[in-house]
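Engineer: Since the structure of chain G is already known, use the hints to place chain C on it.
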Amino acid sequence: MRSTRTVDISTGLFVLLGFAAILFMVTQITNRGFSLKSDSYRLLAAFENVGGLKPGAPVSMAGVTIGRVEDIQYDMKRYKAIVTMRISDNYRAIPNDSDASIYTAGLLGGQYIGLTPGGSDEPYKDGEQVVMANDAIVLENLISKYLFNSAATKSNATAAPAAQE
Amino acid sequence: MITIVREFVQSFLTFLERVGLLVRFGLRLFAILPSGLLRARPIVEQVYNTGAMSLVIIMTCGLFVGMVLGLQGYDLLTRFGSEEYLGTATAISLLRELGPVVTALLFAGRAGTALAAELGLMRATDQIAAMEIMAVDPMRRVVLPRFVGGVIAMPLLVSIFIMVGLFGAQLVGVEFFGVDSGSYWSQMRGAVELSDIREGLIKGLVFGVACSLIAVFEGYNAVPTAEGVGRATTRTVVISAVVTLILDYILTALML
Numbered sequence: 326m327r328s329t330r331t332v333d334i335s336t337g338l339f340v341l342l343g344f345a346a347i348l349f350m351v352t353q354i355t356n357r358g359f360s361l362k363s364d365s366y367r368l369l370a371a372f373e374n375v376g377g378l379k380p381g382a383p384v385s386m387a388g389v390t391i392g393r394v395e396d397i398q399y400d401m402k403r404y405k406a407i408v409t410m411r412i413s414d415n416y417r418a419i420p421n422d423s424d425a426s427i428y429t430a431g432l433l434g435g436q437y438i439g440l441t442p443g444g445s446d447e448p449y450k451d452g453e454q455v456v457m458a459n460d461a462i463v464l465e466n467l468i469s470k471y472l473f474n475s476a477a478t479k480s481n482a483t484a485a486p487a488a489q490e
Numbered sequence: 676m677i678t679i680v681r682e683f684v685q686s687f688l689t690f691l692e693r694v695g696l697l698v699r700f701g702l703r704l705f706a707i708l709p710s711g712l713l714r715a716r717p718i719v720e721q722v723y724n725t726g727a728m729s730l731v732i733i734m735t736c737g738l739f740v741g742m743v744l745g746l747q748g749y750d751l752l753t754r755f756g757s758e759e760y761l762g763t764a765t766a767i768s769l770l771r772e773l774g775p776v777v778t779a780l781l782f783a784g785r786a787g788t789a790l791a792a793e794l795g796l797m798r799a800t801d802q803i804a805a806m807e808i809m810a811v812d813p814m815r816r817v818v819l820p821r822f823v824g825g826v827i828a829m830p831l832l833v834s835i836f837i838m839v840g841l842f843g844a845q846l847v848g849v850e851f852f853g854v855d856s857g858s859y860w861s862q863m864r865g866a867v868e869l870s871d872i873r874e875g876l877i878k879g880l881v882f883g884v885a886c887s888l889i890a891v892f893e894g895y896n897a898v899p900t901a902e903g904v905g906r907a908t909t910r911t912v913v914i915s916a917v918v919t920l921i922l923d924y925i926l927t928a929l930m931l
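So the sequence lines, in the order shown, correspond to chains G and C.
Under this note's numbering, the residue at position 91 of the first sequence is numbered 416, and the numbers go up by one with no gaps.
Under this note's numbering, the residue at position 169 of the second sequence is numbered 844, and the numbers go up by one with no gaps.
Pulled out of the complex, with its shape left as it was, chain G reads as follows (with noise of 0.2 angstroms):
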C-alpha cells in the first residue's frame, strides 16, 4: 500500500492538471474568455436584412474585436431586423453618429458587423440606436442582378445592330 501522502500529491496533482485544462480550453480555445456581461453596454442597430448575421458574431471597429452580436430580433412594426450588440466597457467613446454595417469575413466566412466612428464629440449611450444601418449583402441578390444586367445588355447589343441595319 502505497503512503497516504504519496496518494495525497498525486491526486491533487491529477486535479490540478484536470482544472489547467479547463481553464486552458475555456481561456486559451475560444474566443469568450473575457466576460462581456459584467462591464459592457449595449447598441442596438435596425437593419433591413441582416443576410447569415448569427447571435455571437463580432462586432469590430477597424478590424479590433470590440463587442459581439446578443441578440436579433424581428420588429413587426417597422419591418426591420432589430440587432443587440454588447460593446466591452473599453470602448466607451463611440461617437454617437458611427453607422453599422454587416461585412462577410472573406469570401464564405462568417458575418460580422463593423462599426464605422463618426465625427460627433458626443459618445453612444446605453441602449441607443446606431443612426444608420447598411444590411448585409446579399450574394444571391448580387448575382441575380449581375446576371439580369448582363442579360439586358446582352439582348440590347444584340437588338441594337438590328436597329441599326
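Hint data in this document are derived by calculation from the structure and do not stem from the laboratory.
In this text, all values refer to a predicted model and were calculated from it rather than measured experimentally.
Keep in mind that a hint or two might mislead.
Simulated DEER-style distance windows between Cβ atoms [as the list claims (entries may be wrong)]:
1) C:681 / G:351: 26 to 34 angstroms
2) G:345 / C:715: 18 to 26 angstroms
3) C:929 / G:388: 36 to 44 angstroms
4) C:753 / G:468: 23 to 31 angstroms
5) C:688 / G:345: 42 to 50 angstroms
6) G:464 / C:931: 23 to 31 angstroms
7) G:390 / C:905: 53 to 61 angstroms
Glycine is no exception: its CB is placed at the ideal position from the N, C-alpha and C atoms.
Structural biologist: Relative to the frame of chain G, chain C by itself:
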C-alpha cells in the same frame, strides 16, 4: 425450433432482469450519495486510483490521437489549400467527439476493469458478506467511493486528453508540416464556441457516470468464482463501450 424461441425469450428475460437490477442499484447509489460524500478520504483514494493512475495512458493516447488528427487533417485540408483550418478541425472534433468518447473507452479499459475486478474479488472472497455481518453497509463503504471517484475523474481526464491532443496536432501540423502557428491557434479561437467545450465536459460527466456505474455494478454482482470475476471484468468493458457509443449519439442529437 421451440427450444430456440424459448432460449431467446429466456435470454431476453435475463437481459431485462439485469437492466432492472442495474436501475435499482443505481437508485440505491444515488439515495446514499449525500451521506457518502461526507467521507472524503476514501473518495480521494479512488480519484487517485481511477484518475491519477490513468493519467499516463490518457496523455499518451491523447498525444497520438491529436497527432493522427493533425496528419489526416493536414492531408485533407491541403487539397483545398486551407490547411490553416487545421486548428479548427482538430479542436472541434476533439472537443465534441473524440475527447469524451476515446477517454471513456480508455477509462472503461483501465479504471473500469480495475474496479470490477477488485469488487468481484471482494465478493468472491466473502469480504462483502463479512462487512454485511459486521453491520457495515458495503454499498456505502466500498461501492460509493469508487463510483464517486470515477465520476469526478472522468471530466478531468477528458479535459487533459483534449489539451494534450491539441498540442499533438500542433506538433504534427505546425512543427512537421509548417502550418503557420499563429493561424493554427487564431482560426481555432475564432471557430470554437464555449458551447463546444460545454458539450465535451457534459459528455465526459455522463460517460463517467455510466462507465463507473457499470463497473461497480458488474463487480459487486459478480458470480463469486474465479470465472465469475473474469466474466464481470469482460462485461464491464463490453457494456461500457456499447453504452458509451449509444449515449454519445443521444447526447450529440440533444446538443447539436
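Engineer: Look at each hint and say if it fits the structure.
Structural biologist: Checked hints:
Hint check: residue 681 of chain C to residue 351 of chain G, Cβ distance near 56 angstroms, so the stated range 26 to 34 angstroms is violated. At roughly 22 angstroms, the beta-carbon separation of residue 345 of chain G and residue 715 of chain C lies within the given 18 to 26 angstroms, and the hint holds. Taken as a hint, the range 36 to 44 angstroms holds for the pair residue 929 of chain C and residue 388 of chain G, whose Cβ atoms sit roughly 37 angstroms apart. Residue 753 of chain C and residue 468 of chain G have their C-beta atoms about 29 angstroms apart, which keeps the hinted 23 to 31 angstroms range intact.
Restraint check, residue 688 of chain C to residue 345 of chain G: a C-beta distance of roughly 49 angstroms satisfies the suggested window 42 to 50 angstroms. At about 26 angstroms, the CB distance of residue 464 of chain G to residue 931 of chain C agrees with the hint of 23 to 31 angstroms. Checking the proposed 53 to 61 angstroms range against residue 390 of chain G and residue 905 of chain C shows it holds: the Cβ atoms sit about 58 angstroms from each other.
In summary, the structure is inconsistent with hint 1 from the numbered list given earlier, while agreeing with all the others.
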